[in-house]
Amino acid sequence: MKIDVIGDIHGCFDELCELFKALGYKREQNVFIHPNGRIPVFLGDLTDRGPKSLPVIQLVYHMVVERNYAKYVPGNHCDKLYRYFLGNNVKIQHGLETTVEEYMNLDKQKQLQIKQQFMKLYENADLYTQIKEVNAIVAHAGIKQSLIGTHSKRTKTFVLYGDITGEKDEFGRPVRRDWAQNYTGDTWIVYGHTPVLKPRKINQTINIDTGCVFGNKLTAFQLPEETTVSVPSKQPFQGDRFRSFTDEK
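Under UniProt numbering, the first residue of the sequence shown is numbered 1, with each subsequent residue one higher.
By construction, these hints were calculated from the structure, which means they are not laboratory data. Ideal placement from N, C-alpha and C gives every residue a C-beta, glycine not left out. Careful, some of the hints might be misleading.
[Said to hold, decoys possible] Only pairs whose alpha carbons sit at most 20 Å apart, straight line, appear in this in silico SDA-like list of lysine to any residue: (1) K115 <-> I131; (2) K201 <-> D178; (3) K144 <-> K91; (4) K115 <-> K144.
[To be verified] Cβ-Cβ distance ranges computed for the label pairs, FRET-style: (5) T165 <-> T227: 15 to 21 Å; (6) Y161 <-> I202: 41 to 47 Å; (7) E28 <-> E167: 44 to 50 Å.
Model the full structure from these sequences, guided by the hints.
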């Protein structure tokens, strides 16, 4: 088995199509298929902030649910959109407002279709996925060793939001511990969630959220090759949205 794990898309549909082309996929009807049978794995945060969240939902739905050859794990933005579709009282901010605006511009029939597609995609998804054929775990915000194999509320919080402290930084964003520094396993942990200017590899973990929606690039990590492929973003660059780490050269 060979896989291509695709980082946080956040409604950047055009860049996703470009990335599939760069990875050698061919467009067939409404999906992308690799001639050598490579499997795409979406690591969550499909929507919000970017210009085309609903086309991303539909593409991923067709590939994961309808055609059943791609994989998907949810991110925190996916979780929030799901709760919105359930009718829960969620705050329409931090990017959700862009997806809701797209959604509200549809007619009622199209709205129902999108809602049903996304809810089915989310409900059928594992919280994180272990792909033993390439010795990897894909989790939106990562997962620390002690939580692997568990599906508790604590695990869900970690996988969706990272190792949060409960504190906020000067920008009002959650403070997260650098769990990857302490990882000692030999299974790859492939994750995103925290925007970085270039993929961050440390201790058999890799963060591939290279902030496409913030104007940098959209990245895929290929296994078993252990290579990254990126395409440039079409969005305006927002340098203050990226995190740097002390281990970076």
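Okay, the hints, checked on the actual structure:
1. K115 <-> I131: violated, 29 Å
2. K201 <-> D178: Holds: K201 and D178 sit about 13 Å apart, inside 20 Å.
3. K144 <-> K91: Cα-Cα ~29 Å, so violated.
4. K115 <-> K144: violated, 32 Å
5. T165 <-> T227: 15 to 21 Å: Check failed, 34 Å falls outside 15 to 21 Å.
6. Y161 <-> I202: 41 to 47 Å: violated, 20 Å
7. E28 <-> E167: 44 to 50 Å: holds, 48 Å
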